[in-house]
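**Q** Each chain, written out:
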Amino acid sequence: MGIYVIRVPDIGEGIAEVELVTWNVQPGDSVTEDQHLADVMTDKATVEVPSPVHGKVISLGGAVGQVMAVGAELVRLEVEGEGNLKENSAPTPTSKAQAAPVSVAVPAPAATPVAPPASAPAPKAAPARAARPAAVARKEGERPLAAPSVRRRALDLGIDLRLVHGSGPAARIEHHDLDAFAAGGGQAAAVGSQYVERHGEEAIPVIGLRRKIAQKMQDAKRRIPHFSYVEEVDVTELEALRQQLNKIHGATRGKLTLLPFLARAMVLALRDFPQINARFDDDAGVVTRHEGVHLGIAAQTDGGLMVPVLRHAESLDLWACAAGIARVAEGAKSGKLGRDELSGSTITLTSLGALGGIVSTPVINHPEVAIVGVNRMVERPMLRNGQVVARQLMNLSSSFDHRVVDGMDAAQFIQAIRQLLETPALLFVE
Amino acid sequence: MKELTTKLLVIGGGPGGYVAAIRAGQLGIPTVLAEGVQLGGTCLNIGCIPSKALIHAAEQFETARHQAAGSQLGIRVADPQIDIAQTVRWKDGIVTRLTGGVGALLRKAGVKVLKGWAQIEDGKTAIVQVDGEAVRVRCEHLLLATGSDPVELHSMPFGGPGGPIWSSTDALSPDILPKRLVVVGAGYIGLELGMAYRKLGVDVTVVEAAQRVLPGYDEELTQPVLDALQKSGIVLHLGCSVQGWDAEHGVHVRSDERAEEFALPAERVLVAVGRRPRTAGFGLESLQLTMAGRHVAIDGHCRTSMRNVWAIGDVTGEPMLAHRAMAQGECVAEQIAGKNRSFAPVAIPAVCFTDPEVVVAGKTPGEARAAGIDCIDAAFPFAANGRAMTLEATGGFVRVVARKSDHVILGWQAVGRGVSELAAAFGQSLELGARLEDVGHTIHAHPTLGEAVQEAALRALGQALHI
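Residue numbers (the numbering used here), protein chains in the order written: chain S, 247 to 676; chain H, 21 to 487.
Just so you know, the hints here were simulated from the structure itself, not pulled from any lab data.
This structure is a prediction, so every number in the text was calculated from the model and none was measured.
Each hint can be trusted.
With a straight-line cut-off of 30 Å between C-alpha atoms, the simulated DSSO-like cross-links for lysine-lysine are: (1) K22/H / K135/H; (2) K359/H / K385/S; (3) K385/S / K424/H; (4) K132/H / K22/H; (5) K199/H / K72/H; (6) K144/H / K132/H.
Using the sequences plus the hints, can you model the full thing?
**A** Here it is, written out as structure tokens:
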């Protein structure tokens, strides 16, 4: 019998630490080769850690939610024959992750917004609740404890005993409990209602992607003075064009949503507003303007919000752009994107589609300096040349980093986009 | 045709039907009860009561024979004899008194009893044949309380008391005491009667398809019964099935395990392989009620799938017990009177009047654990109970099952002589939601068998005094 230590794998360029997201094994479990042991997460991607050998788990190197350095001991296995650990020592305390969930020693790569090594809140099981005297805390389907005379009286009074608090031993319902319930107006509720007060609570540790999101949001709001600007856009012409294009080319080139048009409009408008297509390293005090437009696409995944990146949107035509957006959004959901498609965006586009609402206040994807949000499109009566006509209208709600983008520039940028969208032919004029 | 209109028509005058009718009458509901044979149903006429009478007689006879053979107690008896015809007359006397009492109670409650078979026309009409005259009874509520029949084996149809193949009914009114009796089925009916006949001096052989006697109960509980069976000289053939019968060889038995067939000579064969809900022969099928297997399906209020058609007792399936039917009958009558009632007992105790007796109420340890309940259980043996010693009945025990977290009692089981009377204590503690402490800290009179109940509860708490 030997000891085999599996270490936190080196996942890729510049990754020095990962967060433990899931354990699929427990000490004592037998594992086979290639069995999926744990999920670890970098700032963007979640990676499965397989077992390279058969064996039995002796110990785990950390708790879920813990940030561990690459190379730290992840799992210790007992294996047939010789392991990869010579001396039969206990888990080495030299491993950084072992020492503490806080790995301050490992500096985060400058460009990537790695989770600050905050003290990891160890996920705690919800503490056992002391029974509240007023609470009716019976399990689903559990019969209330009550003597036959109490049960009979409850039936006569039309009281559902499941709703009554029992003050007797083992929460047995006594006659005076029934009296109290009836006196408290419980009778009416019992006759007409099956609704029961609920007192359960569940502590959900904020870990993994959720923690990343929380940190990024907190960071963005703490660092960036947001300036929000909302404008109404008449997209009647654009919508007509979109439908026409879908009618003609939909079958062969794929259907277009509004997003590729918007991306195109942003690409064109950004030529005149390079300060908006930029990343602001506020620690260094440097704004880096980018010629290429790397468009962050806010995408809802099962784990939470992710912002995959459509690279070089300026080089894509409508259909390539549509396909690209679909691909990165889908990739984010299935967790199949590479690092280059999960970071490096220069401006972000966010749309809730039909749920877009009237106005939103999007949060800038730090270190970018602007985010454009799309609200719901709706047909409304408008006055044009003294006539009331039906028009398709849609709001754009955008936020800018007011430290480096002035309000005037931001407004002009949005007006430029509006002009492009209201006269869609302009989208195709270089 | 004579016509009769009433609010409630009860079909069947057994424990379920007559209790429902009495209660309905007391509540002022115009009630008609149709009974084809005899008030009291299976229980009073051909079940609980006569079997207990026969068992009692057999016990007395056995005691006398035991004493004749030289008794430790110093009692000397010379050559006891039994006149089985007189025994049957005595038993019939009890039955007559009880059924007569039921008739009087029904009269007192203002229930009109029609003595005749009912035939259902629809959910609100039935025709009862009373002395060759058909009476059409129209009702608002129809209560089915038709009971059950002993299951017959195809190869061995029942032939009445004088025939060789007995049902439990025939065995309760024997024409003779057979020299050799084969009992098919080691459930509670087969064993109760088989043991009684053994005590009456008959050579008894029991054939059972399962590998155990009383297969419905757990092994710990049935072990003392098995010991008693063997001690009494009853021959057991477990894991065997019955193939048929002929007058020359007796019962043909096949041992599934050893793959062999053999014959058991017998003058009489008691077939006690279970009971079947009585659902055919009276037009029930015309109502197209929802069935649950062989029995009528009912909800927690004893309602069938048809509005204002109710069903109680054996016709609604297991457990086929008179006390369940009675409770259901009362429940239905009160609902018809407009009261809010449901049939939701915590426990329905069941007693097996073998020697030793077996009584269960609520969950066994196995059932509780299967239901995912973290429970504790403890048993107190009668060997440590003074009263049991004075009764020469030190076999058996009382066992309690309770939830571990709050000690609420979930079930009781007992085996031993006379433990059937403990069913009252068991049922009460379960229905009242007692905890182990409640029973353990109640003074139980000394010297009684009931002390074992208290001691079992104390033992579950780790506080037993006498063991």
